[in-house]
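Student: The primary structure of each chain is shown beneath.
2 protein chains.
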Amino acid sequence: MNTNMEKPYVVGIDIGGTNTVFGIVDARGTVLASSSIKTGAYTEVEDYVNEVCKHLLPLLEANGGVDKIKGIGIGAPNGNYYTGTIEFAPNLPWRGVIPLAALFEQRLGIPTALTNDANAAAIGEMTYGAARGMKDFIMITLGTGVGSGIVINGQLVYGHDGFAGELGHVIIRRDGRLCGCGRHGCLETYCSATGVARTAREFLTASTEPSLLRSIPSESITSKDVYDAAVKGDQLAVNIFNFTGTILGEALADAIAFSSPEAIILFGGLAKSGEYIFKPIQESIDKNVLNIYKGKTKLLMSELKDADAAVLGASALGWEIK
Amino acid sequence: MNTNMEKPYVVGIDIGGTNTVFGIVDARGTVLASSSIKTGAYTEVEDYVNEVCKHLLPLLEANGGVDKIKGIGIGAPNGNYYTGTIEFAPNLPWRGVIPLAALFEQRLGIPTALTNDANAAAIGEMTYGAARGMKDFIMITLGTGVGSGIVINGQLVYGHDGFAGELGHVIIRRDGRLCGCGRHGCLETYCSATGVARTAREFLTASTEPSLLRSIPSESITSKDVYDAAVKGDQLAVNIFNFTGTILGEALADAIAFSSPEAIILFGGLAKSGEYIFKPIQESIDKNVLNIYKGKTKLLMSELKDADAAVLGASALGWEIK
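First to last, the protein sequences are chains A and B. The first sequence begins at 1 in the numbering used here and counts up one residue at a time. The second sequence begins at 1 in the numbering used here and counts up one residue at a time.
Mixed in with the good hints there might be a few duds.
Identical chains share a label here; the pair holds if one copy fits it or two copies do between them.
The list that follows gives simulated cross-link-like pairs (lysine-lysine, DSBU-like), each with its CA atoms no further than 35 Å apart [to be verified]:
#1 Lys279 - Lys38
#2 Lys298 - Lys322
#3 Lys322 - Lys54
#4 Lys135 - Lys298
#5 Lys322 - Lys294
#6 Lys294 - Lys38
#7 Lys298 - Lys272
#8 Lys224 - Lys38
#9 Lys68 - Lys322
#10 Lys68 - Lys294
#11 Lys54 - Lys305
#12 Lys294 - Lys54
#13 Lys68 - Lys287
#14 Lys224 - Lys68
#15 Lys135 - Lys296
Keep in mind the hints are simulated off the structure, nothing from the lab.
Assemble the whole structure, with the sequences as input and the hints as a guide.
Tutor: Pasting the structure below:
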């Protein structure tokens, strides 16, 4: 982290399909001020940038002005670090290739970098969280999908085209569940929050075992419902987590054979299911990993605070700008 | 590559289970002199080091002496770059952890680095071969086993413990073929030369289809026999390559989702089967890779010359020593 007295803060902007959250962050990871707007309300990207700036500028003024900001980091779906563009993001209102980093840089006169949300989370974890001081780790985000940010030799892995690190789309079951990407058996069809809900529906159909989940209309079951049932001792719910954790552990054992990381850090709603999900993941890693890696890679929970995690992750990229 | 006029050469030592080959190499990748000894003939590692030096020193004298050597690079099974040690290598005569880099360094007074053979091949390819100028690529060695050397951001990926990059041991068929590592379904049980021979035996048993391979005793069929039969138009042999290439392509599609490399470079005996193996691999990558990576990663053949490849690969590490 390259801080100095003149420019002691960074700005983080996290762009989600629903909300855009942004804030000013200091070197210790304290969010000094933050706000948000609805992403989907702006069909023209220029209007969107104007609206973010309209809300951001007063926050900047209250914290010493734009001159105090070392850089802006943006986390966005389909974000390309090399070009600062968002490319064909299906859940955002703007089509094609959007030069978002350049638009903010022009508008505010602050150096701006952009990457995808999972990469931003990894940089956030390395700067302020559980991966401080680590040179080799993998961040796994368990949300609607499964994302990943891979750090090797202290550097984020972007690949030759800026799109490396899509571990949610390794094939973990050949000819398995149909994925939104059009292929079958991707990790995220099993281990995302959506995947857990899908497993719940499958398990409920496949047996007549009693379960608290049977009182919920099948199509509206969420991973949170499964967690709540598991906490109450529901065996079917526990089985769903075991199934999910086993598959995730298989994929992580393969990922360890690739980069032999010091730690794998889990982030996102599903990671908060605690031991229900951590225990089967750890058991599955231990069972499936190649002998030379056994017991070496730590499985950790993200240390970024929920409410601030998205802004912190994006902001951390602001420190990296040369 | 950090060359200078005073120290214009490096030494490469490639340690195999049968032979140890070593030579002096210049900055263009020309092997100026080389020799070899039998690895297995020396049960004490000190005797082994003495014997290598006994053969190497006259070569050095004939090329300007030890003062002309920038560094020694060693490629060895189970080699750990961080510690310069060989650790529990099942096919070498020395047990436990062997500080081989230190032994050569003390004996010859030349800075020495060590890594495993696939990593050495990757550095060799980056220094003298098909990966010159590339920052992101994956080297796949198809020999008795399947090895890999991964380069990201221009750096070899060693992982936190020095043992990263074991793509031969990702699980490509859950509960598949038993592997020498004790697990089931590892890539190398299908896509190594040994794996191809195993497939040949399976295919010959599973059908009564006529094949040139039926004239060879089942247990002695090699991947070379399969290649020779394929060249003669034997359909069963062609099917064996298609099966092998399909599985390798599936694994490579997953590897692309990890590091999005500019190229994947194939090395080793099996890679020399040319289109018989390249075509099904390429088709399988195209079929299995995530959309955003489609058509981006080149599939290349190693450009290191056979006879010199092992020494060149190991020697390239000699340039990297700081």
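Student: Could you run down the list of hints and mark each one as holding or not?
Tutor: Hint check:
1. Proximity of Lys279 to Lys38 under the C-alpha cut-off of 35 Å is found in neither arrangement, the shortest distances being 37 Å within a copy and 48 Å between copies.
2. Taking the shortest alpha-carbon separations for Lys298 and Lys322, both the intra-copy value of 31 Å and the inter-copy value of 31 Å come in at or below 35 Å.
3. Taking the closest pair of Cα atoms, Lys322 and Lys54 come within 35 Å of each other only inside a single copy of the chain (27 Å); across copies the shortest separation is 51 Å, beyond that limit.
4. Taking the shortest Cα distances, Lys135 and Lys298 sit within 35 Å of each other both inside one copy (13 Å) and across copies (29 Å).
5. Taking CA atoms no more than 35 Å apart as the test, Lys322 paired with Lys294 passes between copies only; the shortest distance there is 31 Å, against 38 Å inside one copy.
6. Proximity of Lys294 and Lys38 under a CA criterion of 35 Å is satisfied inter-copy only: 33 Å between copies versus 45 Å inside one chain copy.
7. In the homo-oligomer, the alpha carbons of Lys298 and Lys272 lie at most 35 Å apart inside one protomer (17 Å), although the nearest pairing across protomers, at 40 Å, exceeds that limit.
8. Taking identical chains as interchangeable, the C-alpha atoms of Lys224 and Lys38 lie at most 35 Å apart only when both belong to the same chain, with a minimum of 24 Å there against 62 Å between chains.
9. With identical chains, the CA atoms of Lys68 and Lys322 are at most 35 Å apart within one copy only, with a shortest distance of 16 Å there and 39 Å across copies.
10. In this assembly of identical chains, Lys68 and Lys294 lie within 35 Å of each other by CA distance neither inside one copy nor across copies; the values are 47 Å within and 42 Å between.
11. In the homo-oligomer, the alpha carbons of Lys54 and Lys305 lie at most 35 Å apart inside one protomer (26 Å), although the nearest pairing across protomers, at 62 Å, exceeds that limit.
12. In the homo-oligomer, the alpha carbons of Lys294 and Lys54 never lie at most 35 Å apart, since the shortest distance is 52 Å inside one protomer and 39 Å across protomers.
13. For the identical chains of this complex, Lys68 and Lys287 are neighbours neither inside a copy (50 Å) nor across copies (50 Å), given an alpha-carbon limit of 35 Å.
14. For the identical chains of this complex, Lys224 and Lys68 are neighbours neither inside a copy (41 Å) nor across copies (67 Å), given an alpha-carbon limit of 35 Å.
15. In the homo-oligomer, the alpha carbons of Lys135 and Lys296 lie at most 35 Å apart both inside one protomer (15 Å) and across protomers (28 Å), since each shortest distance falls under that limit.
Violated hints for the displayed structure, listed by number in ascending order: 1, 10, 12, 13, 14.
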